[in-house]
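Each of the two chains sits in its own frame; use the hints to bring them together as a complex.
For the record, the sequence lines run as chains F and G. As numbered in the numbering used here, residues 12 to 487 make up the first sequence, in order. As numbered in the numbering used here, residues 9 to 89 make up the second sequence, in order.
Just so you know, these hints were derived from the structure itself, not from any lab. A couple of the hints might just be wrong.
[What the hints assert, rightly or not] In silico BS3-like pairs for lysine-lysine, Cα to Cα no more than 27 Å straight-line: (1) F/K235 - F/K48; (2) F/K373 - G/K26; (3) G/K26 - F/K51; (4) G/K59 - F/K374; (5) F/K249 - G/K20; (6) F/K374 - G/K89; (7) G/K17 - F/K370; (8) F/K56 - G/K88; (9) G/K59 - G/K89; (10) F/K370 - G/K20; (11) G/K59 - F/K370; (12) F/K373 - G/K88; (13) G/K26 - G/K59; (14) F/K249 - G/K59; (15) G/K29 - F/K370.
So the chains spell out like this:
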Amino acid sequence: MSSPAEVTAAMPPVAWQQRLANFRIIPRIETYPVLTKFAKTAVGKLLILALFALGLRFAMKDWIPLSLGLAVITFVPVQRRILLTILTLLFTFAVPWANWLHPLYSSALLVFVIAIGAMLFWIVSALPRSFIGRHPVFVLLSGYSLLIVFAVYFPNDTPRYLTVWEFTATFGAYLWFIGYSLLDCRAVGRDDFALQLGSYRPFWGSPTTPFVKGSGYLRRIEAKDADQLAVTQLKGLKLLAWSLLIGLFSKYFSIGVHVYLAVPTFADAFLHSVNRAPYPWYTCWTSLITGFLGDILAISIVGHRIVACVRMAGFNALRNTYRPLSSRTIAEFWNRYYFYFKELMVDFFFYPVFLNYFKTHKKLRMAAATFAAAGFGNAFYHYIFNLSYISQLGLWPSLAAYHVYIFYCVVLATAICISQLRKRQPPPEGFFRRHVVPTFCVALFYCVLNIFDYTERTYPISEHFRFLAHLFNLTI
Amino acid sequence: MDHREEIRKYLKELLLQKGDKQPISDDASLLLSGRLASVDAVEIVVFLEEKFGVNFAELGFDQELIDSVDAIDSLIQTVKK
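Bound conformation, chain G alone (with noise of 0.2 Å):
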């Protein structure tokens, strides 16, 4: 499964368990939109923190980053450069 795929799977299940089952596309806004909450934006942190080894205390945190599957998806081809 490539990320993006993972990505994808991923926000798909936070959505769900908070009873949201609208389909996402991958530029939709997550965070901004308000179909997620800042609660969520930490779990989003940890796993890419863990699955992609995001470090965002270097980065700078900034919740567009993980606005989106389109975004979190560029942010970890930034990273992997």
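Bound conformation, chain F alone (with noise of 0.2 Å):
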């Protein structure tokens, strides 16, 4: 009989590689036809939704009535998309009326807004010849960026003045949403708005960028039949516990690398720096990259935990982070690591641009796309992010002091368009060659260029190069 170590030593290596890329922390529990039989029957459905809910317990506060929505969502298919609608509009403003200062306010507000949507997808399904017919998003974002200077110069003394800001950061909380459904109005088949309004902020928890796009979106991954929802929702599953796997490892790796290792965080590095009283070189290079490490952690919690909500109801949804770390070109990076905010800046501002200009000149085409997305786009989504920095600076000084994030805009798609713009080759022989190379030097240049991905208005960029400087035990 053949002993562990012959047999290992017998096995070619592609067959440990394979067995390597086909391991799993958490089973693919969606291609076992014993489980997803199983998760068609009304008593797997209820176990899948029991498990599920548990999971959100530990993960977010409004745990019931987001399982509960979960629930009716999944027992009543059928009305899938019209359900999406009434629970959006129960989390929207029945679930959080307790906690309103003002409730009728607040929710004067958001029907206000809401309003304005409907309107505007009227205007651009009923006139698709017109200006705005033909540029919705356009006219949305102009409108958008008139109604902040008109908050701006808004007298301050006035009883409206608090009035004005409020609509225009709830009006900001929409707009992106707003443009999907715009964007939606000329697909065919679109939905009518009753059923937009479901992916206005829908109930599953949605940051300022759309999780996930918009309505025509949710039409195209929407589970089709039984055995869709079934696989669906067992990797909607799969996704909430690998978000809180990652969720322990993320508490644990902090408390290891700032209270065991007593590695300073990155803005306490920073700090030191600003104070003149920088840390060692070494030090600042384990800050940096912990923070960049951390940072990839906390966004892969908050995006699986929603997407793995979406699923459960029923949208077989993309993952918003997918290793990162394997990219191998700085674009890859990009469409790794935030994927539905890189969708966002695709569809609002690299399709426009390189659909419309620079047709017979392709290089220019195509960096000239990626600048109006990675650079222009990137820098006014967060510019208009924090409208609190406008509304005390004013208009010009916030961005003046938005300098940093600015040059942080204009390296990145430059980065992007480069990368976009190398020719395509067939990846190099061997294992260092074609995997380590080029992640790692794909994960140094955002690790480094996270130094500048800074939206405060805090400190000048000057600041910024010190602590770059400081890396390599330079003084500027």
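In structure tokens form, the structure reads like this:
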């Protein structure tokens, strides 16, 4: 009988690589026929919902209403889309009602914003050949920019001043969701507004970046039958479990690094640099790298949790973050790190430029579209994201103080542009050259660029360069 | 080579460049399923513009239009009419 060592030696290396590639910490339960068959039964659905609710309990505050909503949508799949709208409205108005200081006032603001969304949707649908019909996103974003300008110059000694800013903030929270519904107006078989409303900050929770895109995308990824629903829900359950595992790892990673190893956080290391008392350069590197890894873990946890809920609701959405550290190009990392933000930039800025301008200049066309998305779109999104800086500092001072992030966007756009324009070549031979070198370089680029990923307006860019120089033991 | 075959061949090459050697059926989703990314969608757009004269600025772009061999084929049929 051969020993285990002999068996191992006899196995071809490809088999081991294949085994490694196929290894999953959480098994691919959605591929087990027994489980998918069970997931289609009433008992199976109840069990999946119960396990999911148990997982949500550790992940979020509103886990009870969310679990109940998912249960309703699971057992009435035929009415999934309209139930999505009803649940979204309940989560918009009823669930947070008790926490609002002035519920009627807050509700009125929300109703007004939704009504504007409905009106725009109706105009764009009814008048497709008009200017607004042909350029709905341009009109929406320009209109919102004008609203901000109006709010900035609104007299601050009047009682309506706060209302104007609160309305601007509420509109801002819905801006990209309304944008997606306007983009859907031209689609064949578009949903009517009642269904579009389900994608306006859906009940599964979404940051300002729409998770998961708009009504058009939901229509395409919706489970069409019981088999698809079973697979989608099992994938949702698996993703939530993965999110909880990453959350646990992240917690102990943070304790291990910052408590036991006493590595300062990136914010702390940066502050010491600003105060002219920097930590040693190697400590700064450790802070930067652990901060970068922490960011990836944090975004994965939140994104996975939301996408898990989307899948439980019967929509087979792609993950928001998918193995970013395995990216072999800068463009690939951007795609894998925060998928729905990248999609937002692509849908609202990249395609409009790419499909309409510089068609005869292939490289210029790609460069212009990439700068429109990763450069301008990215900067615009984050500038209007935090209105408190604009209201406190004013329009131009807040823009001037935003120069660090603008620099970040320019460098990012340039790098993505170069990454996309480089001719695709077959990957080089050998594990080291094929995987280790490119992934290391890409991760290093984003890690260092993180020094400038700064949307606050406190320190000038010179402080960021000072920190960068200190990483190489240089003083400027 | 008919255009359906041409599309199939092009998509296979695109997938191969990404190291994806899995076979594709004509109705298989490529973009919405995540096998191809938006960067690849751009390449498909350029391919369709150059090879078949598709003008997305007029048509209106939607990833669903180029999501599979079948979808692209039907798009080309529409443009040709």
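Hints, one by one, checked against the model:
1. For the hint pairing F/K235 with F/K48, the CA-to-CA distance comes to about 16 Å; that is within 27 Å, so the pair holds.
2. Pair hint F/K373 plus G/K26 holds up; C-alpha atoms about 21 Å apart against a cutoff of 27 Å.
3. Taken as a hint, the G/K26 and F/K51 pair is broken in the structure, with Cα atoms around 35 Å apart against an allowance of 27 Å.
4. A hinted pair counts as satisfied when its Cα atoms are at most 27 Å apart, and G/K59 with F/K374 qualifies at roughly 18 Å.
5. Distance hint between F/K249 and G/K20 is unfulfilled; the C-alpha atoms sit about 31 Å from each other, more than 27 Å.
6. The hinted pair formed by F/K374 and G/K89 fails the criterion: a straight-line CA distance of about 31 Å is larger than 27 Å.
7. A distance of roughly 24 Å separates the Cα atoms of G/K17 and F/K370; the hinted pair therefore holds under the 27 Å criterion.
8. Under the criterion of a C-alpha separation no larger than 27 Å, the hint pairing F/K56 with G/K88 is inconsistent with the structure, at around 47 Å.
9. For a cut-off of 27 Å, the pair hint linking G/K59 to G/K89 stands: about 16 Å separates their Cα positions.
10. The straight-line distance between the Cα atoms of F/K370 and G/K20 is roughly 25 Å, inside the 27 Å bound, and the hint therefore holds.
11. Taking the CA atoms of G/K59 and F/K370, the gap is about 14 Å. The hint holds against a cut of 27 Å.
12. At roughly 24 Å between alpha-carbon atoms, F/K373 and G/K88 fall within 27 Å of each other, so this suggested pair holds.
13. Using a Cα cut-off of 27 Å, the hinted pair G/K26 and G/K59 holds, with the two alpha carbons roughly 22 Å apart.
14. Among the hinted pairs, F/K249 with G/K59 is inconsistent with the structure: their alpha-carbon atoms are about 43 Å apart, more than 27 Å.
15. Our distance criterion of 27 Å between C-alpha atoms is broken by G/K29 and F/K370, whose separation comes to about 32 Å.
The structure shown violates the earlier hints numbered 3, 5, 6, 8, 14 and 15.
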